[in-house]
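Colleague: Listed below, chain by chain, are the residues.
Number of protein chains: 2
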Amino acid sequence: MIIKRNDEKLKIILGRGESFNEQYMDTVLSIINRIRKEGDTALFELTKKFDRFDCEKVEITRKEMEKAYKNLDPKLKKALEKAKDNIVSFHEKQLEKTWIYEKSEGTFLGQKITPLERVGVYVPGGKAVYPTSVMMNTLPAKVAGVKEIIMTTPATGGEVNPVVLAAAYIAGVDRGFKVGGAQAIAALAYGTATVPKVDKIVGPGNIYVALAKKLVFGQVDIDMIAGPSEVLIIADKSAKAKYIAADMLSQAEHDELASAVAVTDNKKLAEKIKEELEKQLEALPKKDIAKKSLDNYGAVILVKDMDEACEVANVIAPEHLELYVESPMEMMLKIRNAGAIFLGENTPEAVGDYIAGPNHVLPTGGTARFFSPLGVYDFIKRSSILYYSKKQLEEDMEDIITLAEHEELIAHRNSASVRQKKR
Amino acid sequence: MIIKRNDEKLKIILGRGESFNEQYMDTVLSIINRIRKEGDTALFELTKKFDRFDCEKVEITRKEMEKAYKNLDPKLKKALEKAKDNIVSFHEKQLEKTWIYEKSEGTFLGQKITPLERVGVYVPGGKAVYPTSVMMNTLPAKVAGVKEIIMTTPATGGEVNPVVLAAAYIAGVDRGFKVGGAQAIAALAYGTATVPKVDKIVGPGNIYVALAKKLVFGQVDIDMIAGPSEVLIIADKSAKAKYIAADMLSQAEHDELASAVAVTDNKKLAEKIKEELEKQLEALPKKDIAKKSLDNYGAVILVKDMDEACEVANVIAPEHLELYVESPMEMMLKIRNAGAIFLGENTPEAVGDYIAGPNHVLPTGGTARFFSPLGVYDFIKRSSILYYSKKQLEEDMEDIITLAEHEELIAHRNSASVRQKKR
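So the sequences go chain by chain: C and S.
Quick note on numbering: the UniProt record's numbering labels position 142 of the first sequence as 142, and the sequence is numbered without any gaps.
Quick note on numbering: the UniProt record's numbering labels position 13 of the second sequence as 13, and the sequence is numbered without any gaps.
It is possible that some hints are incorrect.
Taking lysine to any residue and the SDA-like style, the derived pairs with C-alpha atoms no more than 20 Å apart in a straight line are [claimed, not checked]:
| # | chain 1 | residue 1 | chain 2 | residue 2 |
| --- | --- | --- | --- | --- |
| 1 | C | Lys287 | S | Glu405 |
| 2 | C | Lys97 | S | Lys93 |
| 3 | S | Lys49 | S | Gly157 |
Some residues of chain S that are not near chain C, with every Cβ distance over 12 Å (derived) [unchecked claim]:
| # | residue |
| --- | --- |
| 4 | Glu22 |
| 5 | Gly39 |
| 6 | Lys213 |
| 7 | Asp295 |
| 8 | Glu345 |
Please keep in mind that the hints were generated in silico from the structure rather than gathered at the bench.
Glycine is no exception: its CB is placed at the ideal position from the N, C-alpha and C atoms.
So here's chain C without its partners, still in its complex pose:
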């Protein structure tokens, strides 16, 4: 598992989450079309079929969320509330303001910021439902000023995990609906008698959910497409192999498709990481998953120097990047592609997953090349502001006329020239 920089291996890691899944296209298209045409009838039928749940009472009220909150284990409650405070306080730093400036006397240009009105948060069902994930998807919208937040989640047999309900209560979800899959996405995008139409849909889901989100894009906005998770740890001789191995395993236990990679210029450290991985792996409940992940998508990469290490990080564009080196701030400046950057010995990925405040919804599978962490900026929109003076219009008149005439848009020209001073 200790290898030199090796482009084949990097390709395997980057290629493991394929975002182009056309084989489900027909199924998803037909589900979306049914919801558009039949609304609730189709939504409830599909829910009965897939979730074995009869939608007599499909809505989850704030009251039910509150009840779950009140019954929450006090230690868990305290942890979730602290996480909430930290998430809110970090995300408040992302708030943008409307601005206007004077371009010339009496002429103003600017940009108005308005929160989205209604947002849908999809919460997947199944074994791995994380209360912190509900909060990470909801709170940035709340901070942005979104008026109404709708949660949908598949409820197999009608049951929703009470800790998810409690987290939804803490995060400020307004209404919930026990529907899931592509049918929930279509309901949020087009609206049904029961589920209101939203402006944007966020949250992870299985392949049907991801494909449905792609297809309704334009009808509503969507967040990024979530793939399998990864960590890349750059370490120098100052790093402790024991910590690095622990951090790699915390990634590997998520999913067989997860990827945990360490990159170092120190051969001794590389060997120690390998030993530690083997040792720590044995004690893990999720040993089998972690082992498969490490075997297929894990590596300790030996590089000639730290510049090459940064290069590897920029090629992988990891979701999580730990800079476990003597001068992590210096190295951070050289990083172009990463979802979140964890600096120094005391910042394992888990602080970001749970408690620190920055969002744990991060771009995966190399998409940190162009995607950002989920943030307040995902829940606002901008409008340009233009306010011209008579004088500025006169000054720009000739160029507007030139351009409009070149483009053969004579009514465009007229809309300016009709306002021209008599000469």
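Once you've looked at the hints, dock chain S against the given chain C.
Modeller: For chain S alone, coordinates are given in the frame of chain C:
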């Protein structure tokens, strides 16, 4: 054409641009798959078939763009260069900076801003190719600091409009390729031997292009889905019917699907607008297009007061909104949904289309509910920064352990607890 507020009419206007076009899905899927498997071979074959162009020399160099620039009509050159300066200077106001703050002693959180590395700009072929559109799509990327900008455009018979080439030169396009359609989008998303893989694709196109962009989303980032254009003009008794009609026609001449609507509480003004429209329409070269647009998607809506006018605007969420009223700044505060807001008598939409500086690539068809004008923010990505002190990690230890144990992620817990002080 003078109507009361009428939800059926608003629905017709909002429904005219349907973003869900599944009937082309198979064609587009098969084109994308061919490009992924066969690369240039498929790209050149499809280009030969659709554009009747033999791709022996498919690349457009900076040198060729420069030649077109040098041959440009001087008046047009001056207008385009002024537009460029204004676009750059407005967009520079959108630049964001990396920030870091101290959460507690020795613990820092922040957000790093990095420009995308390589961006593809799609320029449609056909009759309506606008040089300003090339600039509006390219310059925000340039201002953001994108290193390489690639233009693709279908070149029927091998020819590209020289004014488009000149605009590309002015805007700073680095390389161009004479390919178009879904095959160009796939080439930009996956890369071929000739066309380099990019991080994001922007620019309008026909239905094949729009669908291909949706399908490659996740492999690369994309901009919004462009639909037919619209203007909504709110006018009070202070407004001149002549100007309003001219502005409505400048929208209507674009496209039969375009929509131009005036909203007023003044019946006299409404009647005058109608008269002016009929009068001005007669003189237009694009009279037939404009008439169809007005007949199907145009209206003068009579409202009881200006609050109702704002409500209509917020429902339509127009691409362009003109506030042609006595106190436009006051009214602007009540607008939640609009791509760009034009204030006062001296700001016809055309100043924004051509010269003012704010982007003319705007959300259409009601998508201003959640989309923003194209901007510098579309060409950067963010990375979270987390730098914990030993003390902060100790303070958060218990909550991390609680949450990790609740989620049954024991390796997550270990990654924190392995760093715990000996007690």
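Colleague: Now look at each hint and say whether the structure bears it out.
Modeller: The hints, checked one at a time:
no., hint, result
1, C/Lys287 - S/Glu405, "holds, 16 Å"
2, C/Lys97 - S/Lys93, "holds, 12 Å"
3, S/Lys49 - S/Gly157, "holds, 11 Å"
4, Glu22, "violated, 5 Å"
5, Gly39, "holds, 16 Å"
6, Lys213, "violated, 9 Å"
7, Asp295, "holds, 16 Å"
8, Glu345, "violated, 7 Å"
Hint violations for this structure: numbers 4, 6, 8, all remaining hints satisfied.
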